[in-house]
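Student: Quick mapping for you: the protein sequence lines, in order, are chains A and B.
The first sequence maps to residues 0 to 421 in numbering that gives the first Met the number 0.
The second sequence maps to residues 0 to 430 in numbering that gives the first Met the number 0.
Hints are not guaranteed to be accurate.
Partial pick of chain A residues on the chain B-facing surface, computed with a CB cut under 8 Å [to be verified]:
{"#": "1", "residue": "E55"}
{"#": "2", "residue": "P232"}
{"#": "3", "residue": "E290"}
{"#": "4", "residue": "V313"}
{"#": "5", "residue": "E316"}
In short, the hints are calculated from the structure, not lab data.
None of these values were measured; they are calculated from a predicted model.
Positions of the beta carbon are idealized from the N, C-alpha and C atoms, including for glycine.
This is what each chain is made of:
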Amino acid sequence: MSYSAEAFQNEYLAMGASEVNAIVTVTSSGGDGGGRRAVGATEVIIVDASGSMQAEGRMLAARQAAKAAVNCIDDGVRFAIIAGVSTAQQLFPDPGQLAVSSPQTRADAIRAIDRLQASGGTAMGAWLLLAAQLFEQRPGDIKHAILLTDGDNGERYGYLEGILEQIAGKFICDCRGVGTNWKVSELRKIATAMLGTVDIVARPEGLTASFEQMITGAMGKTAADVQLKVWTPVNATVRFVKQVEPQVMDLTGKRVQDGPRAGRYPLGSWGQESRDYHVCIDVPAGSSGDEMLAARISVVEDDTVHAQSLVRAVWTEDTALSTRINRQVAHYTGQAELAEVIQEGIVARDAGDERTATIKFGRAAQLAHESGNTATEDLLAKVVEIEDAATGTVRLRRKVNVADEMALDTQSTKTVRVGRSQ
Amino acid sequence: MILTECDSCAEGRASGAAFCEACGRRLTDAAGSADVSPTADGSLSGAGPASGEADALSGTAGSAAAASPAAGAAPARGGRDCPHCGTPGAVGPEGYCDECGMLAGRPRDHTEADGDAVAAAVSDRGRRHHRNEDAMWLAVGAEAADVVVCDGVSSSFDPDVASEVAAKAAGELLARAQHPDRAPAQAGATEAPGDEAATDAGDPDVTQPPGAEPALPIAEVVGLAIQGAGEAVAALVGTGDPRRQASNPACTIVAAAVRGPHVGFGWVGDSRIYWVSPEGPAEQLTEDDSWARHVIAMGADPRVAMNDPKAHAITAWLGADAGRITPRVGAFTARVDGHLVLCSDGLWNYLADPADFGDAVRSALRVATGPRPLLEAARALVAYANSAGGADNITVALVPVSPEIQAEAEGDAETNDSGEAGKSDIEPSEA
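Please put together the full structure from these sequences, using the hints given.
Tutor: Structural data, given as structure tokens:
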């Protein structure tokens, strides 16, 4: 794998300005290995088998989806299936073991999945903890898990949070909720801690495609643990580091200090892909003509530096330079705000504060329209009537399909890439 | 490049420059230097822009990504002391301090070109701008000098690359100018720049009376050189950083070719050429392509116009959005001793009055009594602009020009063969 890091910014700051913004595009391309994994990979599939899964043919769909997922696992990849009930039960292979994927083991796994029956409660913390224990056997592997659920977590308050703190960074976990009786905020909490995605599968029929897509994505990863290292000068502080494309993910709190002037932020596993990060640094203001290296951004794996890009600050009295707006920074600032106002709008609406909800959704409609984020604009149109997207004039719909609102919530963090023409 | 400290005075700021800014001593690492000296056989030796960007245009966008990966790991404190925070050995390979992050210096912050007694030029970042967006070219031979000064348009993207590319492109083309008294035939000289170019030669607006002026063919070459530079700068828009397409690199240019007493010059924008004779006010040979010049021509008070915020808005430049370049050119043959002074607005802004300009140049030449008086005088003029505020990048080139006296002409005739041989290397189509 070879990586490149490219910073986009307006390095010119007005006199007295101290905030430096840059969008760093990290792109990886197949190197010597032709995009093949240089390390092993381990996959764990967690299927909610609580009693509620009996409804609407969910269990049947979940079994089919799990089978389809198993069939997508490459030969040689280690895997396990966990049945999620009131406790975590390993469905395949034997407890504490990982199977090595082959036509034989996949067929065995599919037979085991047929035995999966819905009963009992929902204990996501326990399920994730078991997955973490299985992953522990394979240090250095690319580790990915799928979590499927249809309801609220039944564990005591705070237990899941404690587990997440303990296992964060140990593997990537993509979360899917089937039906509409689960909480977006709960799965988002898991996805955020585990650097994964969250999405709704409103109808059980959609599960197979969703599982196949997640496994295929996971099989395309070739690097396990890539990190963004951010060096900043003395007296400078990192205000935030956010992934802003393909989806908004705040990494600021995941900083691990690396020497006195640098910190590392986990980027998870990587295939051949490109992601954008928004880095915001507060620096001491300089005098006219001063040029400062505000941040040195490196893409690192262990001690190997794959790529590097410089974020600079140049103070100038020339307002023609300092007032230039960098398109990338402006675009992704808008996309992050879009995610924020949608989530705030949903919270306000649920709390019955229609005035705030209307303002938030109005702003969201405006931002989605301006940035060409049509996917989000379409989802938004199912929750509000957009009268004029340009001015952000919207009216709340009286009747909103719960699934539509949940889809809007889960998709709110999905961003579109800015055009590179400028 | 290798960062060095001045051996003689240990001035940290010296890094990246060819000469120490504190004591003027030449530094051992000459990577940033544009030092030239006349060669014995009289051929032109050139000195181009210092940072090398003109040689690797496509490399500018990728340079950040290609930075040494080793720098991201534990930074080895092998560099120079930081001039800003004083941390010993903290300046990393990119020129930034590993502690405070401040830039310690760039190769183009201060460059000098030394043509000994024939010409000298100095370019400096000034005090208020973060980088030097001026660029210069100086090539000298026996009684011959090619000089170009370019000033990047700071509101464009990568103006420093524009000026560097323009100076180099024009400088190389200026070498085609023949000495009018020595060319085998006038026709040969005008055809020399190339068949296609020769048809364009009439385009430049020649301000001097035609016919009698022997320097006119030189001016035509200068005009073509500026057009060539314009094409080179215009081509930058499609290379490197995509932001160049939104705000294409642009610069001004002023160029002169001196052949004995004959001078051809041309310009686009507001960089200037002055003729400074032993006494009296400097004579400005160029006419700024600027808003201020425009309104002064229409009757506005020069002082009011020059103090207007729009004063420096230029009305002509080199760049992709400039359209077809029609440089204005001029030519003359010196009848008295004098100095040709090419400069960017970083200097003339502080010497707007021609009388002041003449006095400043003569004063700089008078106090320069060391082994390299021209270079010292150019430095003194840069120092003057810096002491006056240094609000812009400053570039100044000095070329002494003398009338051809009989004895010297004979001496020239003796070296004629070798001198022409040198030029023939560049333009072998002649004869």
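Student: A separate judgement is required for each hint: does it hold in the structure or not?
Tutor: Consistency of the hints with the structure:
1. E55: 50 Å, violated
2. P232: For P232 of chain A, the interface hint holds, since the closest Cβ of chain B sits about 3 Å away, which is under 8 Å.
3. E290: 4 Å, holds
4. V313: 5 Å, holds
5. E316: Because about 7 Å separates E316 of chain A from the closest Cβ in chain B, which is inside the 8 Å limit, the hint holds.
The structure is inconsistent with hint 1 alone, although it conforms to all the rest.
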